Every structure is written in structure tokens, then in C-alpha cells.
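Chains G and Y are the protein sequences, given in the same order.
Residue numbering for the first sequence follows the numbering used here, starting at 2 and increasing by one per position.
Residue numbering for the second sequence follows the numbering used here, starting at 2 and increasing by one per position.
Careful: at least some of the hints might be erroneous.
Put simply, identical chains are the same to the list, so a pair is met inside one copy or across any two.
Once the Cα atoms are required to be at most 35 Å apart in a straight line, the calculated DSBU-like pairs of lysine-lysine come out as [said to hold, decoys possible]:
| hint | residue 1 | residue 2 |
| --- | --- | --- |
| 1 | 45 | 15 |
| 2 | 51 | 62 |
| 3 | 45 | 10 |
Please keep in mind that the hints were generated in silico from the structure rather than gathered at the bench.
Note that this is a predicted model, so its numbers are computed, not measured.
There are 2 protein chains.
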Amino acid sequence: GDPAAGRAKAAACKTCHGLDGVARIPIAPHIAGESEVYLETQLKAFRSGKRTHEIMSVIAKDLSDADISDLAAWYASIAFTVQMPE
Amino acid sequence: GDPAAGRAKAAACKTCHGLDGVARIPIAPHIAGESEVYLETQLKAFRSGKRTHEIMSVIAKDLSDADISDLAAWYASIAFTVQMPE
Chain G
2 GDPAAGRAKA AACKTCHGLD GVARIPIAPH IAGESEVYLE TQLKAFRSGK
52 RTHEIMSVIA KDLSDADISD LAAWYASIAF TVQMPE
Chain Y
2 GDPAAGRAKA AACKTCHGLD GVARIPIAPH IAGESEVYLE TQLKAFRSGK
52 RTHEIMSVIA KDLSDADISD LAAWYASIAF TVQMPE
């Protein structure tokens, strides 16, 4: 997918997930740096109904394959580093 | 939950998710720094069957509420920072 196109399409996602993939609400997952295959699998699962959520099922319903591929590319393009507690 | 207890119990998770929550395989999500409520919700969904996955459904089946709470506390305790592409 095209990350730049995905960044624009992420306007629909950023309220809960953030444009940077850092969730703004605790019930939403952080998706920064998730792999494209994981993100695409989950969005397609929400679209097909294999996975359900009161918000994501509605949002995913109208996503095209290109939308899904671009959104996955955008969020996968965000780098992250972790620090484990001592 | 107790992050230290969760860290020990994460022996069952680290093969795919990493002890640090950075996924080792592309089909598994990064779970570093996810919120406790999100992690607990997903583990309970896998345990109850509300959410299904060939591996997670099996692993979650035998998790107690305490296991779920401790694992969520461990992975939620991992800090992370993100860098958006320019």
C-alpha cells in the first residue's frame, strides 16, 4: 500500500488510534508499527465480520482493499522503540 | 495485575510476542505498552470465543483471571516511543 495515501485516509482512524498510531482511548489498541499483514488481516476481519466490534465493524464495512492496504502501509511505516521496566 | 508475575507468565507469550512486546512474527501484533483494559479484553475474548485465532484460542483457554490480569500488567508496563516518517 501507499503510506502517504494511508496517512490521508487515517483521518477516519486518528480520533481513537492517533495519526501516529498511539491510541487516544484505552479501549483502542496502539497500532504504530504493527506489521502490514497484521493490520490488513484485522481490517479485513472486521469488514467480513470474522472479528466484530461496535465501532470497527461499522468503519471497516466501507473500506476498499486499497484503503486497507494504504492504511496498513501508513501505520506500519511508523517506527517505535520500547523500554522494558528494570 | 502484578507486572512481575506477568513477566514470568509471559514465557508462554514471548515466542510470538516477545518478552518486550515486540512481535517476533509478522502475524502477531506488537503488544508493548498496550493498555491493560485492551489486553484483558482481548485475552478474555479469546478465552470465551468472542474472538478466535488458531493459536490464541488454545493458549487463552487455560488462562485464569489472575493470569490475564498479570500478563496485561506486564505488557502494559513496557514504555514505547514512536517516530512518524517525515
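Checked hints:
Proximity of residue 45 to residue 15 under the C-alpha cut-off of 35 Å is found in both arrangements, the shortest distances being 19 Å within a copy and 26 Å between copies. When the C-alpha separation of residue 51 and residue 62 is checked against a cutoff of 35 Å, the pair qualifies both within a copy, at 12 Å, and between copies, at 19 Å. For a Cα distance limit of 35 Å, the shortest separation of residue 45 from residue 10 qualifies both inside one copy, at 16 Å, and across copies, at 31 Å.
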